[in-house]
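Here are the chains, one letter per residue:
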Amino acid sequence: MEAWVRKLVTGCLLTLPVAASAVAASEQAVRVAVIGNSPPMSYVDESGKLTGFNVEMAHALCATMKIRCNLLPTSLDKVVDAVSAGEMDFAVVSLLATPERRKKVLFSKPYYRSLSIWLSKPSIKPGSPRTTVAVVNGSVQAQHAENQGWKTKRVTNHREISTSLVAGDADATVVPMLTAVSLMEKPSLQALGLESTVLSDPLISGDVCISIHPGRPELREQIDAALDEIKRDGRFDRINSQFLPFRLL
Amino acid sequence: MFTTSRTPDNYRHKLGAGVLLCRLTAVFSIVFASAAAWLAVDQHALLENMEDLQSRTLPNSMEHQRLARNLEVLRLEGERVLAADNPENRRQALFIVTLMAGHPSLLANEKARNLAIETEIFLTRAAQGSRIDENIRDEWTRISRHLSLTADDISVDGINLAREDVRQMNGLVEQTRQKLHGAVALVLGFLALLLLLIRRMILRPLQQIDHALSDLRQPGSAVTLPNYSLRELASVREAIVQLHGLMQEHESTRDDLQKLAATDVLTSLNNRRHFMFLAESELTRAQRYGRPISIGLADLDHFKHINDIHGHAAGDLALKAFADIIRSTLRHSDIAGRYGGEEFAFVFPETTPQEAVALAERLRAHLDAWVIPLKNGGHIRLTTSIGIADASAQALEDALRLADEALYQAKASGRNRTIQAKTTQLPLPLGGHTDNSGHSA
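First to last, the protein sequences are chains A and P.
In terms of the UniProt record's numbering, the first sequence opens at residue 1 and continues consecutively.
In terms of the UniProt record's numbering, the second sequence opens at residue 1 and continues consecutively.
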């Protein structure tokens with residue numbers, strides 16, 4: 001009996017360092033920023049699970065790079081600074097690689113190309129006077145609206161855009177094309193009879209990249225290789241089909 | 001004569017084995033390295049091709065598939081625009097059509113771009129109209145089919161991209177295979193050449209040298225070794241030839257010495273020591289097999305007298321003449337030797353004393369009839385007395401003693417006669433004239 005107890009105690013003591021190192025490993029997990037509330041790129045689904053095109057891409061990237069990742073929801077206006085400061089190791093957020101952002105973070109290879117869409121209530125063209133345009137803080141679209149001298153309604157996520165449009169706080173919005181697809185599917189917005197126009201300004205269209213902390217160039221190389229592999233082995237297209245009606249590439 | 005003529009200069013122009021090995025190794029290395037380099041070129045190209053397939057062609061091919069799929073999406077959304085039963089659905093479908101028409105991947109492909117723009121314009125116009133009529137439906141059917149076919153064409157283009165790469169790689173693999181065969185053949189050919197060289201330059205000479213060395217033991221053989229191209233072998237060959245010469249010299253020297261040791265210089269008959277040796281072995285043999293054998297002793301009569309009157313040269317001449325008569329009279333199997341001064345001894349194998357007496361009588365008669373010419377123009381005549389003894393049942397010394405007694409008896413009885421020793425029967429005075437000199441030898 002006594003021997004049995006001793007054996008058990010020894011076994012537990014031997015297991016202890018292993019358990020401790022497992023904890024250490026989880027602490028060293030790579031921190032990945034995603035946007036919390038921006039369908040179809042990243043959102044919480046009916047079952048309460050964080051999902052979306054970018055979330056699944058982040059999972060696929062981490063699996064390909066064989067690293068442990070912690071996905072951390074972050075608001076768009078804070079993403080670039082968080083990655084730049086090293087609070088996040090990288091961000092799978094659909095960021096256009098603008099020169100201004102390039103000064104703060106490293107960008108991966110583009111993983112798709114984006115356009116921006118002007119959505120407005122009927123008969124309101126881009127640049128119409130007395131039009132309030134809803135934009136998300138920190139987005140290139142907000143920057144663009146400011147550059148154009150439009151009157152803006154600042155919101156923190158894409159969900160608030162539809163709220164603003166329905167409430168009449170805004171008459172139009174400028175969003176990335178994938179967000180536009182998602183918005184156009186909402187019955188509440190469909191009732192508004194929104195009209196769409198593709199905006200071709202280079203500031204708000206172009207390569208969408210993953211942003212990486214500037215101190216980790218080796219991580220960028222890993223992510224580039226993983227992106228190539230995901231595109232090659234068909235996982236990219238499968239995630240694409242899960243969340244979007246057409247091919248991103 | 002054996003000379004130490006092997007100086008390094010003799011073979012300086014020849015190829016050393018070490019140098020040969022070095023050269024062969026160098027040639028082989030060059031041949032093998034060039035074959036490997038030759039193959040490496042193709043292998044490198046193949047690897048590049050595979051890398052290209054992986055990093056460029058496959059992604060490119062997949063982009064074609066995605067583009068084809070987007071054209072299909074455009075077609076489906078177009079159907080939705082025309083089939084929509086309320087403005088919201090139509091607007092949403094049209095929105096996707098607009099997005100597709102502005103999609104960067106479609107814009108990048110000329111065929112797809114024109115078609116997408118045409119589709120968007122057509123659908124926008126159709127959506128603005130109040131009613132979808134027959135003409136619009138017919139036109140859409142045409143555009144829709146065109147979209148499907150273009151999607152197929154683009155999809156096939158993508159597949160062909162990869163197929164072209166694979167075809168190139170197949171060509172490279174085939175080329176590499178043939179080169180590999182060539183390289184293997186080259187290496188095998190070189191190995192065969194190497195074996196042939198080793199056989200011709202080393203193995204065969206070694207076998208010949210081995211034969212020559214075993215032939216050396218056989219007396220009187222000649223060394224016949226060809227000239228070798230390898231320095232070491234040429235030098236071994238020279239050494240063998242010299243060794244052979246040396247051995248032959250030694251052999252003839254030994255023969256000479258042996259003859260010298262066994263022969264009496266003056267008469268060329270066996271000397272006493274050698275005679276005793278030969279006689280002993282003949283006696284032993286005869287007694288072992290119970291064969292008859294006899295011994296004889298002959299002494300020239302009045303030899304001292306000849307020496308005194310005619311000088312020692314005449315004496316020598318007389319001894320030589322008697323030796324000649326012994327050689328011509330006795331049988332080949334009989335053994336004769338100079339026993340002392342003018343005394344000679346004989347062994348008659350397979351011969352009874354009676355037969356030996358007959359032989360001795362013949363010898364005595366020949367000498368008696370012989371006239372020996374002298375250098376000064378004169379001549380002398382000689383006689384001999386002979387004692388015969390049976391040696392088939394006693395030791396050589398005893399037989400010789402008996403023969404000596406018989407000889408003494410012959411001398412005493414008047415010389416120039418043969419007497420057989422008494423042991424077996426009484427000596428019979430045989431033939432002969434009475435000795436008139438009266439001297440004892």
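Possibly wrong hints are sitting among the right ones.
As the list claims (entries may be wrong) - Simulated crosslink set (EDC-like; lysine to aspartate or glutamate; CA at most 16 Å straight-line):
#: 1; chain 1: A; residue 1: 231; chain 2: P; residue 2: 88
#: 2; chain 1: A; residue 1: 153; chain 2: A; residue 2: 169
#: 3; chain 1: A; residue 1: 66; chain 2: A; residue 2: 221
#: 4; chain 1: P; residue 1: 111; chain 2: P; residue 2: 63
#: 5; chain 1: A; residue 1: 66; chain 2: A; residue 2: 77
#: 6; chain 1: A; residue 1: 121; chain 2: P; residue 2: 63
#: 7; chain 1: A; residue 1: 66; chain 2: A; residue 2: 224
#: 8; chain 1: A; residue 1: 186; chain 2: P; residue 2: 350
#: 9; chain 1: A; residue 1: 109; chain 2: A; residue 2: 221
What the hints contain is simulated information worked out from the structure, not anything from laboratory work.
Exercise for the section: Give me the numbers of the hints this structure contradicts, sorted from smallest to largest. Expected result: The structure breaks hints 1, 5, 6, 8; every other hint is satisfied.
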